[in-house]
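Protein chains in written order, with my numbering: chain A, 1 to 315; chain B, 1 to 248.
Hint data in this document are derived by calculation from the structure and do not stem from the laboratory. The beta carbon of each residue, even a glycine, is placed where N, CA and C say it ideally should be. One should not assume that every hint holds.
[Claimed, not checked] Using 30 Å as the maximum straight-line C-alpha spacing, the simulated DSSO-like pairs for lysine-lysine come out as follows: (1) A:K274 with B:K225; (2) A:K29 with A:K274; (3) B:K225 with A:K218; (4) B:K225 with A:K33; (5) B:K225 with A:K187; (6) A:K33 with B:K238; (7) B:K129 with A:K218; (8) B:K238 with B:K225; (9) B:K82 with B:K238; (10) B:K129 with B:K217; (11) A:K187 with A:K131.
[As the list claims (entries may be wrong)] Derived DEER-like restraints, expressed as beta-carbon distance ranges: (12) B:E132 with A:D213: 21 to 27 Å; (13) A:G306 with B:T243: 54 to 60 Å; (14) B:P84 with A:L57: 16 to 22 Å; (15) A:S287 with B:E132: 37 to 43 Å.
[As the list claims (entries may be wrong)] Some chain B residues well away from chain A (every beta-carbon gap over 12 Å; in silico): (16) I31; (17) Q72; (18) E89; (19) P130; (20) S146; (21) P164; (22) R168; (23) P174; (24) A231; (25) D234.
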Amino acid sequence: MRAQRRLSYADSMGGSVRDERAALVALLKTRPKGFRWAEITAEVLESASALEVWHRLVPATLVEPPGQPHPLESAAQDLDLWASQGSTLVTILDSDYPIRLRGIHQAPPVLFARGSLIRDDSAVSVVGSRKASDRGLAIAAGVARELVTRDVTVAAGLALGIDTAAHRAALAGGGRTVAVIGTGINKVYPAENRDLHEEIASRGLLLSQFWPDAPPQKQNFLMRNATMSGYGLATVVVEAGEHSGARAQARMAVEHGRPVILTDLVVERNDWAKALVGRPGIHVASSLSSVLDAVDQIIAERSAVGAELRRYVSA
Amino acid sequence: MLDREAAARLSALLVSRAGGYLRNPVRRDRITCAVCTTPVAGYELCFQCNHHRAHAGLADAVAFLTYAVADQQSGYVMRGYKAPRPVDEHVMIVALLIMTALSTHAHCPEVLMGAPVTHWATVPSLPAKPGEHPLHRILSNSAPGSEVRLMAAASTQHPRDVNPEHFRAHVQLPRDSHVLLIDDTWTGGGHAQSAVLALRRAGAVHVSVLVVARWIKEDFGENAKFLRELADQDYDPKVCPWTGGSCP
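The following block holds chain B by itself, in its conformation from the complex (with noise of 0.2 Å):
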């Protein structure tokens, strides 16, 4: 864990280097999905998170770190950070942004769960792909507490379904286990929630999720005004990626 100077250094270049178009997710009843805070006209969740009711043991909660717009500069990070030749200054700001969330928001799940971090995962390609993911580099000095690695299945039928047999943890986790996954780009739900229900299947108690970015497109419904409404709103790493507002 960083200390207190270090991590106000590091939300310090984070604004300065990419708060310029990064945004804030926004939590605001029925404007954006109480899951997964894309825009929604009215309603308490997005088309895709009311249909994943239909599994029980979804995440406790979910936190996001910023928006992704495709084509735009905050959707071009998001996918240069994991190209086969990565873009350095994507990686940057990626590690930034988690860095920044791990150490200024660390106790934020604990209080909402009312229970420590124990372990922390992330989300694995799906189909599983060679190498290690760029956002497990990222992690591995970073995270808290100790990992439960999540192997992806080989082949799949509908990958972006919600469907516990999509991932596997190969061990029993200890009783009263809080996990917190983490995902890279969240654009259906479908990869993180399936790998809520597998760790949920190694007996996961309590699972936290944190994603970097929620994918949006601005040719979706309203979201291109949705998105001009935040044009002047600058990044602030301060707004806890758990709320939407102050931390709990």
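This is chain A alone, in the form it adopts within the complex (with noise of 0.2 Å):
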């Protein structure tokens, strides 16, 4: 059955927000042409209308086999049932989409969310290893904490170690957090941060990018990397080794354009965070109060950015 259609051009769309959203959902589950994720979403982006490109790539005689539901109507079942498990579908479409992260290519089409979105969240993400020393785990404590003094939001990962540690202080400080999630919205990952999942959707907010019930997969875990660089102002890489999450991000942050700060521990015990210091938009923090210096650099140099460019360009 469908759900009264909800008329609203608010979001410049052509049909209802219900039907665009439907579309897009049937887009990425149907994948017109063998379209890839990211050509559907560019294709989007470009015409502003997912069922405008619904209907110029699914020609109407093509679609469904005899005994198959339509995919339209198949995706608004399925928005429906997203919507009854608690959690909230936002496109890139979408005028609550967070606003930086639609300024990365592997902005996600679709997000998932449980608690608080807040589309211009002023976010640094804190990252690193799941096995940290006690002096990576303070760290990481200590950044969250001098963050959310700032009102900054703390985005992390969920993952144990250095993950784990900031959003426990973000929460204890009695500020937010955004877990940024590699598996479905509907998955507790690892379990043993089940109830700080918990916490963090009831008092921040549970973003994932994957389908709701997606397991946890390899690759999965690097493309929400890409989407935590994107999602925050800049990302703060606390402890890490060779192989780990917080080196793709550290390397994706730079091809987004998004500040790093790596903290000395960082950089002394990897060749990668060597590689990396000089680049664009690269800091080294030798302790704490440099760690939030530079945050509070590239905080300003934001807003000198919009302030120069306001001079000289009409808007």
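Starting from two chains that each stand alone, build the complex the way the hints lay out.
Here is the structure:
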């Protein structure tokens, strides 16, 4: 059964918001012409209507084999199911899609959210190893505590070690924290973080770019790191090894034009981190206060760009 | 025109916000096309630029500010800045690129032509689209000289071809005019070269073309290898977009 059509043109879309969402989900599930998700995203952004893209890519006569539901119809049912499970779907065409995330080329076409979604969330990612040293954990907690006092959201990936220390310190400081997770929004991973998972859903935001029941898979964690880089103003890598998600996030952040703050701990121990030093947007910090100085500098620079450009370019 | 300090500030902001993924176009004989800087396998010109040579009156000089790679951040920025709902960050990067080039390299086309820039123009969408083009909005306060407005044809059979009928300037330009023509993305070059020919019909003596991005696909020819070799060559706004090296 289809829910009643909600007519809304607030998002400058062709049909209703619900029809647009269903069309985007159907595009992603059926991948007409073998389009990759990134290609579907680009098409949809350029057209500003997923329905228009659907009708362009899927000729009406080609749709369903007999006995199968129409893809738009099953997508609409998926939307109802997900809503009943307590998560919110936000698409890249929606005005509440996180503003900075829209700026990176790996921007996920759909996000599933539990908690409070803030479009212009000023967040800094704090990431690092699952097997962290005591010093690393202390730095992560210290950075998170200080970010919270500056009204900056702490983003991390809900992994054990550095991520957990950052999330917990942000919550303990009464601040906002966002967990960008590598599984579907209905999964709890790792199991040790079940309580933290629930607490972030009720006091902060859980964000997933995967279908709600997606299990943990290696390549998904890397995609999640790209999303985290895009969500935030900057990434702080507290402690990381040669083969960590944090390393991948640092590289991707440079490719996104997002600043990265490496602790000296990371630079001393890793050749990949030494190679990043001197590249655009890379800061090296040798103490908690120098991490925060770098964060302050990054925030000040952002507003400087806007002010500078407004002087010369008519808006 | 920006003063020297403002230009230096914008240039530093450009590097810190986009230097990690923008790449200065390379000008090297028989490695990249002498006109459009796309990689070529041992030829002087790429297939399309060579094909364009059938027309007299093409651009006197063409400058590129960056490569834009399809499916990468640079390509995403060049699409997002003019999406129906533009991405603010992308508009900012394109504006920074243009402002930096117009301040740091303002005199380079004048030195190359031996004539001051008297006019500027942008390449409109083809076929014509309603509303102000985002590139025009960025330039309207900062471009040098007076504007020559080009109008796009309402319809066209082959928009990618070089054809002076695609655009029209409804003015007659004075003697010795030097037009700086600005475009956002060069794929085959048909749009920009057609606009150059339309400007010639309006009487332009010199036409220098400044293009924000040379569009590149990684899966074409040896492009992937070419781009890999640029992997650690972060963007440097001092590199002259007109020469690929030091300023003329």
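Hints, one by one, checked against the model:
1. A:K274 with B:K225: 24 Å, holds
2. A:K29 with A:K274: Not OK: A:K29 and A:K274 at ~41 Å, beyond 30 Å, violated.
3. B:K225 with A:K218: Measuring from Cα to Cα gives roughly 27 Å; hence the hint holds.
4. B:K225 with A:K33: 28 Å, holds
5. B:K225 with A:K187: 40 Å, violated
6. A:K33 with B:K238: This hinted pair is violated, its Cα atoms lying about 43 Å apart.
7. B:K129 with A:K218: 45 Å, violated
8. B:K238 with B:K225: Holds, because 25 Å separates the two Cα atoms, which is no more than 30 Å.
9. B:K82 with B:K238: 26 Å, holds
10. B:K129 with B:K217: 26 Å, holds
11. A:K187 with A:K131: 22 Å, holds
12. B:E132 with A:D213: 21 to 27 Å: 46 Å, violated
13. A:G306 with B:T243: 54 to 60 Å: Hint violated: Cβ distance 32 Å, outside 54 to 60 Å.
14. B:P84 with A:L57: 16 to 22 Å: Roughly 18 Å apart at Cβ, these two residues keep to the hinted range, so it holds.
15. A:S287 with B:E132: 37 to 43 Å: 49 Å, violated
16. I31: The claim holds: B:I31 sits with its nearest Cβ about 24 Å from chain A, beyond 12 Å.
17. Q72: Violated: least Cβ distance 6 Å, not greater than 12 Å.
18. E89: Label violated. Min Cβ-Cβ 4 Å, cutoff 12 Å.
19. P130: Since the minimum Cβ distance to chain A is about 15 Å, B:P130 lies beyond 12 Å and the statement holds.
20. S146: 17 Å, holds
21. P164: The claim holds: B:P164 sits with its nearest Cβ about 29 Å from chain A, beyond 12 Å.
22. R168: 26 Å, holds
23. P174: 27 Å, holds
24. A231: 10 Å, violated
25. D234: Violated, because the least Cβ-Cβ distance between B:D234 and chain A comes to about 5 Å, which does not exceed 12 Å.
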